[in-house]
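Trainee: Working from the sequences, and respecting the hints, build out all of it.
If you're matching them up, the sequences are chains L and H in order. Okay, so the first sequence: first residue is 1 according to the working numbering, each after it adds one. Okay, so the second sequence: first residue is 1 according to the working numbering, each after it adds one.
Think of the hints as simulated: they come from the structure by calculation, not from any bench. Heads up, some of the hints might be wrong.
[Said to hold, decoys possible] Pairwise CB distance ranges (calculated):
{"hint": "1", "chain 1": "L", "residue 1": "A246", "chain 2": "H", "residue 2": "G242", "range": "55 to 63 Å"}
{"hint": "2", "chain 1": "L", "residue 1": "W362", "chain 2": "H", "residue 2": "M1", "range": "51 to 59 Å"}
{"hint": "3", "chain 1": "H", "residue 1": "G146", "chain 2": "L", "residue 2": "Q143", "range": "35 to 43 Å"}
{"hint": "4", "chain 1": "L", "residue 1": "D241", "chain 2": "H", "residue 2": "D7", "range": "33 to 41 Å"}
{"hint": "5", "chain 1": "H", "residue 1": "G242", "chain 2": "L", "residue 2": "Q173", "range": "55 to 63 Å"}
{"hint": "6", "chain 1": "H", "residue 1": "D7", "chain 2": "L", "residue 2": "G77", "range": "46 to 54 Å"}
{"hint": "7", "chain 1": "L", "residue 1": "R99", "chain 2": "H", "residue 2": "T104", "range": "19 to 27 Å"}
{"hint": "8", "chain 1": "L", "residue 1": "V240", "chain 2": "H", "residue 2": "R99", "range": "31 to 39 Å"}
{"hint": "9", "chain 1": "H", "residue 1": "D7", "chain 2": "L", "residue 2": "R123", "range": "47 to 55 Å"}
{"hint": "10", "chain 1": "L", "residue 1": "R112", "chain 2": "H", "residue 2": "M1", "range": "18 to 26 Å"}
{"hint": "11", "chain 1": "H", "residue 1": "E165", "chain 2": "L", "residue 2": "D319", "range": "52 to 60 Å"}
{"hint": "12", "chain 1": "L", "residue 1": "A367", "chain 2": "H", "residue 2": "R99", "range": "52 to 60 Å"}
{"hint": "13", "chain 1": "H", "residue 1": "S133", "chain 2": "L", "residue 2": "E165", "range": "44 to 52 Å"}
{"hint": "14", "chain 1": "H", "residue 1": "S133", "chain 2": "L", "residue 2": "D241", "range": "35 to 43 Å"}
[As the list claims (entries may be wrong)] Which bits of chain H does chain L cover? Going by a derived footprint, with three or more residues having C-beta under 8 Å, they are:
{"hint": "15", "stretch": "13-26"}
{"hint": "16", "stretch": "56-68"}
Glycine residues also receive a C-beta, built at the ideal position from the N, C-alpha and C atoms.
Chain by chain, the residues run as shown.
Protein chains: 2
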Amino acid sequence: MDDRIHDHAAVLVDWSARIDPGDNVVVSVAEGAHELGVAVAEAVGERGGNLLAVDNSAEISRAYLQGRAAGETEFDGAPAHELAMLEATDVYLRLGGGRNTAATTDVPSEVRGAARRAKGDVREARLATNWISTVHPTRSLAQQAGMSFAAYKNFVYDAVLRDWESLAQEMAQLKTILDQGSEVQIETPTTDLRLSIADRTGVNSAASVAYDSHNLPSGEVFTAPADAEGTITFDLPRTVDGTRLAGVELRVENNEVVDYAAEQGEATLGELLDTDTGASRLGELGIGMNRGIDRLTDRILFDEKMAETVHLAIGRAYDACLPAGETGIDSAIHVDLLADMRTDSRLLVDGECIQQNGTFRWEEGFAATTAE
Amino acid sequence: MDDRIHDHAAVLVDWSARIDPGDNVVVSVAEGAHELGVAVAEAVGERGGNLLAVDNSAEISRAYLQGRAAGETEFDGAPAHELAMLEATDVYLRLGGGRNTAATTDVPSEVRGAARRAKGDVREARLATNWISTVHPTRSLAQQAGMSFAAYKNFVYDAVLRDWESLAQEMAQLKTILDQGSEVQIETPTTDLRLSIADRTGVNSAASVAYDSHNLPSGEVFTAPADAEGTITFDLPRTVDGTRLAGVELRVENNEVVDYAAEQGEATLGELLDTDTGASRLGELGIGMNRGIDRLTDRILFDEKMAETVHLAIGRAYDACLPAGETGIDSAIHVDLLADMRTDSRLLVDGECIQQNGTFRWEEGFAATTAE
Numbered sequence: 001m002d003d004r005i006h007d008h009a010a011v012l013v014d015w016s017a018r019i020d021p022g023d024n025v026v027v028s029v030a031e032g033a034h035e036l037g038v039a040v041a042e043a044v045g046e047r048g049g050n051l052l053a054v055d056n057s058a059e060i061s062r063a064y065l066q067g068r069a070a071g072e073t074e075f076d077g078a079p080a081h082e083l084a085m086l087e088a089t090d091v092y093l094r095l096g097g098g099r100n101t102a103a104t105t106d107v108p109s110e111v112r113g114a115a116r117r118a119k120g121d122v123r124e125a126r127l128a129t130n131w132i133s134t135v136h137p138t139r140s141l142a143q144q145a146g147m148s149f150a151a152y153k154n155f156v157y158d159a160v161l162r163d164w165e166s167l168a169q170e171m172a173q174l175k176t177i178l179d180q181g182s183e184v185q186i187e188t189p190t191t192d193l194r195l196s197i198a199d200r201t202g203v204n205s206a207a208s209v210a211y212d213s214h215n216l217p218s219g220e221v222f223t224a225p226a227d228a229e230g231t232i233t234f235d236l237p238r239t240v241d242g243t244r245l246a247g248v249e250l251r252v253e254n255n256e257v258v259d260y261a262a263e264q265g266e267a268t269l270g271e272l273l274d275t276d277t278g279a280s281r282l283g284e285l286g287i288g289m290n291r292g293i294d295r296l297t298d299r300i301l302f303d304e305k306m307a308e309t310v311h312l313a314i315g316r317a318y319d320a321c322l323p324a325g326e327t328g329i330d331s332a333i334h335v336d337l338l339a340d341m342r343t344d345s346r347l348l349v350d351g352e353c354i355q356q357n358g359t360f361r362w363e364e365g366f367a368a369t370t371a372e
Numbered sequence: 001m002d003d004r005i006h007d008h009a010a011v012l013v014d015w016s017a018r019i020d021p022g023d024n025v026v027v028s029v030a031e032g033a034h035e036l037g038v039a040v041a042e043a044v045g046e047r048g049g050n051l052l053a054v055d056n057s058a059e060i061s062r063a064y065l066q067g068r069a070a071g072e073t074e075f076d077g078a079p080a081h082e083l084a085m086l087e088a089t090d091v092y093l094r095l096g097g098g099r100n101t102a103a104t105t106d107v108p109s110e111v112r113g114a115a116r117r118a119k120g121d122v123r124e125a126r127l128a129t130n131w132i133s134t135v136h137p138t139r140s141l142a143q144q145a146g147m148s149f150a151a152y153k154n155f156v157y158d159a160v161l162r163d164w165e166s167l168a169q170e171m172a173q174l175k176t177i178l179d180q181g182s183e184v185q186i187e188t189p190t191t192d193l194r195l196s197i198a199d200r201t202g203v204n205s206a207a208s209v210a211y212d213s214h215n216l217p218s219g220e221v222f223t224a225p226a227d228a229e230g231t232i233t234f235d236l237p238r239t240v241d242g243t244r245l246a247g248v249e250l251r252v253e254n255n256e257v258v259d260y261a262a263e264q265g266e267a268t269l270g271e272l273l274d275t276d277t278g279a280s281r282l283g284e285l286g287i288g289m290n291r292g293i294d295r296l297t298d299r300i301l302f303d304e305k306m307a308e309t310v311h312l313a314i315g316r317a318y319d320a321c322l323p324a325g326e327t328g329i330d331s332a333i334h335v336d337l338l339a340d341m342r343t344d345s346r347l348l349v350d351g352e353c354i355q356q357n358g359t360f361r362w363e364e365g366f367a368a369t370t371a372e
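Mentor: Printed below as a string of structure tokens:
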């Protein structure tokens, strides 16, 4: 077994999930994640956790939902056995990595929706644990990224096997700036967007439950804007529900998208914005800071953490960013869209440039032009 | 997918487990049983059951136990999440079929034992569900059987895809004879054993929870002898914990093994008999009746159901066979040993021959000699 699989397991169990002796741990294993499952099981055993391995096979999920569709039996609330398991779970580790990213595409959307609604309590119970989502590199994901399997493995481990302590310290600087600031400006030749963030709290997403962060890899600082005004071009493409969105442009007034266009996927973008009231509002501003991620791979877990990018999400805001008692933007969707900051860009907080052309002001090579 | 996989799933879900809409179903999937898992998931969905798939990988189990051994943390009772899951489970389907029958052989036996003891409540909760154990044919199991993969698949489906209703009716005849009888005699050139079965109840093990039967395939009638006297040769070999037992001979007085010998594995046989007080007593008499099983494959799930064989177990008796209020033989072991009845054999109940040379008296070709 590749040593890096054991390293990945150790980061997951120690840095990310902070497993203690006696913790009840569920490890959810995708079809292609068996080897990581083995390494994680050993690490959980060494830490004295109690292991229960759950099979998270996309093909089994698809077959079950196809069966439900054929049987025409109504879903009847959350399954009691799954709910009882999760309510007694301390740590939930989701090991993604399938064998076919399109494995469930032929499940009728109404069945998928009915199952999702029936399992609302299951989802809430899972989110109440110390959960972490990660992926094991598979050929299927390499294909999605347009990469050889060997190159993709290098990519994944470069992203995952970071010095997280050091990155957390670096990200803390940005969190402090955002927490103290009132307004963020994003400037590129095609973007001029102002986001009000007064009283908002940034999340230092350092890939650990100790930082309210639930992804491995992570490496971003994000917050929830109170207001937004201006135009933005998302020049980095992504795939949403099988449709490629590229060259997305939004015009925003009073934090509402009032005009949109896209070079690819414009109709899908329109449907997404129409989902509900919150879907046409900006629920998140995220700033990627993981320099182990050096390219897009069409998987948002990685893409949104890439250094020298920023992303905004249309839809739901995260509670952790909001002042106590305030409910943020609510929506059934949260779709991140990415902008490239490598060239001709500036990120300003209260008029002060904190990043130019992808380089933060505390990094070597930073040379900000004066704020306007 | 081989149509027989879907047929197997249908027998499992409908005949064996009797799944109803709303049942909470756990499907435990071994490493090599993915395809059967897919077919079972679809069938559970069609019947309106709630599916939770559990990963039963031998390699993950081994890694976890090796980790526990290295970490030296004491097991602390049954894991609450697994117990809570099982207590809310109606049906537990165990889909065996690994990729290496020796996958866990290097786990230290004391760790295995400690884990088994810690999970006693988990085991009890699982046995309190409508559980069924079956196997998906894998190359590993074909190898264990000394068969090609194609031939082994034919073997498994011949054993599993029976007319169970019809076999249940046939087995009911034998159950009636045993329930009404007081003494069973097994006679071959090297065996003369008398088993007292007065007041005992036979189990018509027809591969369905409706028959108190939890194996698919099944196809045996079994009971728990009250007493035993005589000698028996088990001329069919089997492997127990990695050791081959062959040519086992037992001499029994007052249902206690007073002398033993074996052509192979005699030392292991001695250790088994020494496990505890119950281990040197005969806890079960079983009579194989599945004519779909035409050869030994070194997996007891199949071997003990083979037509024209009988088996006796040293160790624990099943409660279902005992008169109300009586506790049968208790032991940590239950090791089945098999005798060939194809030639020069008679099975008698209260002096009357019910099977000769493997043919029951209700079958074509039966020609019993007069009882002695």
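Trainee: Indicate, hint by hint, whether the structure satisfies it.
Mentor: These are the hints, each one checked on the structure:
1. The beta-carbon spacing between L/A246 and H/G242, approximately 59 Å, falls within the hinted interval of 55 to 63 Å.
2. As the Cβ distance of L/W362 to H/M1 is approximately 57 Å, the hint placing it in 51 to 59 Å holds.
3. Evaluation of the 35 to 43 Å hint for H/G146 and L/Q143 yields a pass: the beta carbon distance comes to about 39 Å.
4. Distance hint for L/D241 and H/D7: a CB-CB separation of about 35 Å, consistent with the stated range 33 to 41 Å.
5. H/G242 and L/Q173 have their C-beta atoms about 59 Å apart, which keeps the hinted 55 to 63 Å range intact.
6. Taking 46 to 54 Å as the suggested C-beta distance range, the pair H/D7 and L/G77 does not conform, at roughly 32 Å.
7. Taking the beta carbon of each, L/R99 and H/T104 are about 25 Å apart, inside 19 to 27 Å as hinted.
8. The hint said 31 to 39 Å for the Cβ distance between L/V240 and H/R99, and at roughly 37 Å that hint holds.
9. At roughly 35 Å, the beta carbons of H/D7 and L/R123 sit outside the given window of 47 to 55 Å.
10. Remark: the range hint 18 to 26 Å for L/R112 to H/M1 is upheld by a beta-carbon distance near 22 Å.
11. Between H/E165 and L/D319 the CB atoms are about 57 Å apart, so this pair conforms to the stated range of 52 to 60 Å.
12. In this structure the supplied range 52 to 60 Å holds for L/A367 paired with H/R99, their Cβ-Cβ distance being about 58 Å.
13. Checked against the hint of 44 to 52 Å, the C-beta distance between H/S133 and L/E165 comes to roughly 47 Å, which is consistent with it.
14. The hinted window of 35 to 43 Å between H/S133 and L/D241 holds, with their beta carbons roughly 40 Å apart.
15. Restraint check on the stretch 13-26 of chain H versus chain L: 4 residues with Cβ-Cβ distances below 8 Å, three needed, restraint holds.
16. Given a C-beta distance limit of less than 8 Å, the hint that chain L covers the stretch 56-68 of chain H holds, as 11 residues qualify and 3 suffice.
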